Amino acid sequence: MAFHAKNYPVAYPGQLLCPTFELGEKTETFQEIIRYVPGNGVTDEEYEVNGQKMRALTATVLGEVRFLEQVLQTVPTDEDQSKDEKDIGASKAELEQGKEEQEEEDKGEDNPEKVFIVTVADSNLAGKHVTEDFANNLPREGSIVLARITRISSQRANVEILALENKTIPVDSGVGSNGAGVTAPGGGSAAATLSVSQAAADLGETFKGIISARDVRATDRDRVKIMESFRPGDIVRAQVISLGDGSNYHLSTARNDLGVVFARAFNGAGGLMYAIDWQTMVAPNTGFMESRKCAKPF
Amino acid sequence: MLNTTDRRRILGPANAKPLVFDRSSVPVEENQESAKKSSVSTGNDAIYIENGIVVNCNGSSYLEVRSRTNDKNCTLLLTSIYGPRPSRGAFNAKATLSVQFKEVTLEKIAAGQIKEICTFLTNVFNAVVNLERYPKSGIDVFLSLIHSSSGQQDFELESIITACVNGITLAFVDAGIEILDTVSAGMYKRNVTAFMKNGTEVVGFWKDDDEQSSSENILEIVEKCKEHYLTNRKTMIEFMVRNKNASD
Amino acid sequence: MVMSLTEKRYLQECLISKPPLRPDGRNDDQFRPIEVFTDFLPTSNGSSKIVASDGTECVVSVKSKVVDRSLEDDLIVVDVDITGRRDDSPLVQEIASILNRVLLLQIDQEQLRLTQKYSFKLYIDVLVLSSYSHPLTLISFAIYSALNSTQLPTLISSEDDLDVAELPTFHDYDMSKLNIDIPIMFTLAVCGQNVIVDPASSESDVASNGILVTWCKGKVGAPIRTLSLNEEYTRGIHPDRLAESIRLIEILAPKVLQALDG
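Chains as they are written, first to last, in UniProt numbering: chain A, 1 to 298; chain B, 1 to 248; chain C, 1 to 262.
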């Protein structure tokens, strides 16, 4: 019986789940190949059995095992991309590799191949109030994040990343501890390596990011004025385009659905504003308009 | 950062009082309930495990281990894990792990020796945590030794280290941080060995006495430690799985 | 020297291959050449300076003091200072702690006894001027040579001072050699199936794990433990590697001691 059809009990870290590939149905003309790709909570480890080395997928967290069949598409579409974002980034490269190999095989013989992404996730783990899948979601390339503008200059806007869209955050708020419950005072790597005064300023520290002027919108990039796109305090929906350097992620809002989602009028002194088009927001009780790079709300 | 003052917050007037909301009582009860659920005593009476009792950290574990040599002696250890959270400085494609050890009641262990334990444990878990998954971040492990052996000066470093390894693994599982295996340690006399992959790989070895130190005897020690490791690992996995099923 | 990922990968492949191909062409059981100078500090009882071929340099001085045995527990104190590292950094504290414990554990304190009441107390100051690889092996070699060259003043008063209280008095210029068993420590790196001695910094950067082995009184002794050489490539090792490294030291240690004594 194929591994993906089996019924698994609760997996614990170190439990062997399945090989990296196995042979499926066989007829006279073709041999089906089933490939397993590690997703969240699963890793590809080398084991030595009786002097022989073999690779196997191993669970790395406690939870239920899931097999997700990957539908193969020759041209990646928008849908495909968002699916990738949703489940895994790390194994993306392997996936692509798998696809390529698969394509080659397709051309050569008619060997059908199935690809399954194997994940282990615990639905009850996330601090026990959230029902969505919890994994330690750190921002990575392609993730959509919600961020708050902390300062602006003519070249860029600095932001702090508050949350990943559609992902829960750890109890101690690895991504942005501002406003996400109780934090650990004095804890953390900063506290261990730095003097108290420095660490104190970093309490509630978050992952930081930069939206540079050329990444604000997709068209007319040279004429972007940060002042007319963001103001400090705005909440922005942005996409991570690179892990950046030691301190900042690089973010982009160059898409219709990305940009300012919440903003207050008069630099934070007034009330909430609403977008009336992609570059204007209006404060309903005063009627004043301010310019922003807005996200398409629906 | 040159300027250490926090410019992100508008602090308001000096006499301002922060707005405090009553915490609704529902989640509190829920917590107690879940804590109760997790305090399942394990089949092996030598170890008592509890998970998730520190609420503001990402994962935690509490261990009570009865000494194998003296029934009255007991090691109580609380482990809490914070992170992954942003690290500073140069870009790092992997997470950085740090382990801090502290005796919260009687301080019996010399400061230098505590540092040795910390670097030893960091080395063990560097090989175990799937650090690639967490770029640009730091994971912090805090160990609080609540009690070890009796007496003013006396402590068993071996049982403490064994408890530390097991406690950290359980806390990582509780935090949902990816680890390559349910790593556990076993001890024999004054030797501790931490294993992974069902005892085929050693991730940590600690020997503090001169006995049986020749190359043939080492393997014997490792084998003896492995026996203890296998029972420890079994207890831990049983606990995890039972706990998981109970919470479903 | 900081290596790129590709360089590290290349080096790792080399060290994993059987037999290991080390970047400086050494065999797996070969140490780097070292130069040792002893007894060059006029104000201390014993001293040594050791220079390794990669430029790691370490100076050790031994000073002594007469103390009342009933008041002092530890008759040997080691202080470690590594240039470029803070005194409270984990590496410095760890090395100092290991050295302190090993010397106290392995050296018979009776050998420092002067009279019934008094004893010598040794202060060992270690200064690492520049270090490129894990300095523990080199420091322990330097301590060995320094203690071996230590001269203590010769006692001329009576050894039995329990009944008649008397402060120890010494000969004006006669010195006697300190005669104790001194432990030495070795760091080994495990790379895949191979165990290599005295890893250079580049080798440490890609090693799967490190092992610390102590040699004292003609046999391997405590502590033996795994040791962190890098953060990136640390992995589990086969138990046989532990046995193998001890076997290596059992063969090599007598030769190293012979070289250090000669």
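Since the hints were made in silico from the structure, they are not lab data. Being a predicted model, the structure only gives us computed values, none of them experimental. Ideal placement from N, C-alpha and C gives every residue a C-beta, glycine not left out. Check each hint, because a few of them may be wrong.
[Said to hold, decoys possible] Here are the simulated distance ranges between beta carbons:
#, chain 1, residue 1, chain 2, residue 2, range
1, A, 44, C, 259, 43 to 49 Å
2, A, 296, C, 132, 55 to 61 Å
3, C, 262, B, 238, 56 to 62 Å
4, C, 259, B, 93, 40 to 46 Å
5, B, 102, A, 46, 35 to 41 Å
6, B, 246, C, 13, 44 to 50 Å
7, A, 232, B, 198, 52 to 58 Å
8, B, 102, A, 296, 33 to 39 Å
[To be verified] Among the chain B residues that face chain A by a calculated CB cut under 8 Å, a handful are:
#, residue
9, 130
10, 135
11, 176
12, 179
13, 199
14, 215
15, 217
Going down the list of hints, with the structure as the test:
A C-beta distance of roughly 46 Å is found between residue 44 (chain A) and residue 259 (chain C), which places it inside the suggested range of 43 to 49 Å. A hinted range of 55 to 61 Å holds for the C-beta pair residue 296 (chain A) and residue 132 (chain C), which are about 57 Å apart. For the hinted restraint 56 to 62 Å between residue 262 (chain C) and residue 238 (chain B), the CB-CB distance of approximately 59 Å keeps it satisfied. Here the CB-CB span from residue 259 (chain C) to residue 93 (chain B) is close to 42 Å, well matched to the stated 40 to 46 Å.
For residue 102 (chain B) and residue 46 (chain A), the Cβ-Cβ distance of about 36 Å falls inside the hinted range of 35 to 41 Å, so the restraint holds. For residue 246 (chain B) and residue 13 (chain C), the hinted distance range of 44 to 50 Å is satisfied, since their beta carbons lie about 48 Å from each other. Taken as a hint, the range 52 to 58 Å holds for the pair residue 232 (chain A) and residue 198 (chain B), whose Cβ atoms sit roughly 54 Å apart. For the pair residue 102 (chain B) and residue 296 (chain A), the beta carbons lie near 51 Å from each other, so the given range of 33 to 39 Å is not met.
For the restraint placing residue 130 (chain B) at the interface with chain A, the shortest Cβ-Cβ distance is roughly 6 Å, inside the 8 Å limit, so the hint holds. At about 6 Å, the closest approach between the beta carbon of residue 135 (chain B) and any beta carbon in chain A falls short of 8 Å, and the interface hint on this residue holds. About 5 Å separates the beta-carbon of residue 176 (chain B) from the nearest beta-carbon of chain A, less than 8 Å, and the hint is met. With a cut of 8 Å, the hint placing residue 179 (chain B) at the interface with chain A holds, because the nearest CB-to-CB distance is about 5 Å.
With its C-beta approaching chain A no nearer than about 11 Å, residue 199 (chain B) sits outside the 8 Å limit, and its interface hint is violated. Violation of the interface hint for residue 215 (chain B) is found here, the shortest Cβ-Cβ separation to chain A being roughly 21 Å, above the 8 Å cut-off. Interface hint at residue 217 (chain B): violated, since its Cβ lies 24 Å from the closest Cβ of chain A, which is beyond the 8 Å cut-off.
Of the numbered hints given earlier, the model fails hints 8, 13, 14 and 15; all others are met.
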